[in-house]
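Participant: Now for the letters of each chain:
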Amino acid sequence: MTAILHIDWTSCDGRGLCTELLPGVLDRDDWGYPVARGKSGRERTDIPLRDADREAAQEAVSLCPKLALSLQERMEPARESRKPGR
Amino acid sequence: MWAFGRVSGFISLALFTASVLLGILNRSGRPLMVLPRFSISLLHRNIALLATVFLGLHVGSLLLDSFAKLKPVDVVVPFLGSFQPFWQGLGTVALDLVLAVVVTGLLRHRIGQRTFKAVHWLTYGVWPVAMAHALGNGTDVSSGWFLLLAAASAVALAAALLWRLSPTFLETSAARQGNHP
Ligand code: HEM
Ligand code: SF4
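Top line first, the protein sequences correspond to chains W and Y. First residue of the first sequence? That's 1 in my numbering, and the numbers climb one at a time after it. First residue of the second sequence? That's 1001 in my numbering, and the numbers climb one at a time after it.
Bound conformation, chain W alone:
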């Protein structure tokens, strides 16, 4: 089981709370939006997390001012059906 942090790009407004809570996972671009470190493509939208980051991710989910984040548990890294927003 891997925890997946999903970012809903239609909701995210780049407020940067998540990048503060998960500095090791997320970087911030010039517009304030979160960018998954060392990830590309779909894994920038459905980010696989290390177990150590799970708790901080939970916190980010409940604090994101736009409710743009959700945590999912997956057997495989990511689902085929979702395309990255950007």
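Since the hints were derived computationally from the structure, they do not count as laboratory data. Among the clues, some could well be false.
As the list claims (entries may be wrong) - Using C-beta positions, here's what the derived DEER-type ranges look like: (1) Trp9(W) - Leu1107(Y): 20 to 28 Å; (2) Asn1046(Y) - Ala52(W): 37 to 45 Å; (3) Gly24(W) - Val1053(Y): 32 to 40 Å; (4) Gly1060(Y) - Leu71(W): 51 to 59 Å.
As the list claims (entries may be wrong) - What the simulated footprint calls covered on chain W by chain Y, stretch by stretch (three residues with Cβ under 8 Å from a Cβ of chain Y suffice, anywhere in the stretch; the number is not a length): (5) 18-32; (6) 64-72.
Stated by the list, open to error - With the Cβ distance kept under 10 Å, some of the chain Y side facing chain W (calculated, not the full set): (7) Arg1006; (8) His1109; (9) Ala1152; (10) Glu1171.
Think of the CB as a built atom: it goes at the ideal place given N, C-alpha and C, for glycine as much as any other residue.
Mind docking chain Y with the ligands on chain W? Use the hints.
Facilitator: Below, chain Y with the ligands without anything else, positioned relative to chain W:
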């Protein structure tokens, strides 16, 4: 009970003022000096909840007070009170709105962002209503310290509101207007 009711009312108002200021700061996406953004978010919530507790104490103690002559119905339905029904009614309006804001705030993940935000805009209405209630209904309006507190709060909020409406409000507004940092 009378004194307790008054003091808890002031504390509640002061905390609500702080909460609105923090809400606006939170909205800008900026950290405050050493405080990171998520702390501001948490502070905003916790101060709002604390203010609501004091609001409960304020109303609860005055319900028990023989001088205020509050009836239980005055707590939810405005403008029925026997003592200054209009100004007291404003307090009831503020209470009802605050309850709506807090309940939707706590159920944010359940009801969704759209409903939450729609109700949360009420906060900009709650503050002036609560302040008018304090000034109109309170018996301390003549005392200098209260007027000073009220004026300072009003100035701070007006400044925050102007900032909120200004084009450079968002932390990222420069980048989003096309000027690369
Ligand atoms: C437990 C209850 C509350 C929670 C969970 C909560 C949560 C939030 C959140 C998440 C935001 C950011 C919204 C965004 O960035 O889009 C916000 C903003 C704000 N909140 Fe609250 N809040 C609560 C209670 C209150 C209360 C009681 C007041 C005032 C009486 C208040 C006043 C504000 C203001 C003025 C803003 C800025 C809104 C804007 O200009 O867009 N909040 N709140
Ligand atoms: S906290 Fe939410 S709105 Fe802010 S950058 Fe992260 S996902 Fe986007």
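Participant: Could you run down the list of hints and mark each one as holding or not?
Facilitator: Right, here's what the structure says about each hint:
no., hint, in the structure
1, Trp9(W) - Leu1107(Y): 20 to 28 Å, "24 Å, holds"
2, Asn1046(Y) - Ala52(W): 37 to 45 Å, "27 Å, violated"
3, Gly24(W) - Val1053(Y): 32 to 40 Å, "37 Å, holds"
4, Gly1060(Y) - Leu71(W): 51 to 59 Å, "39 Å, violated"
5, 18-32, "holds (count 5)"
6, 64-72, "holds (count 3)"
7, Arg1006, "35 Å, violated"
8, His1109, "7 Å, holds"
9, Ala1152, "27 Å, violated"
10, Glu1171, "7 Å, holds"
Violated hints, listed in ascending order, are 2, 4, 7, 9; each of the other numbered hints is respected by the structure.
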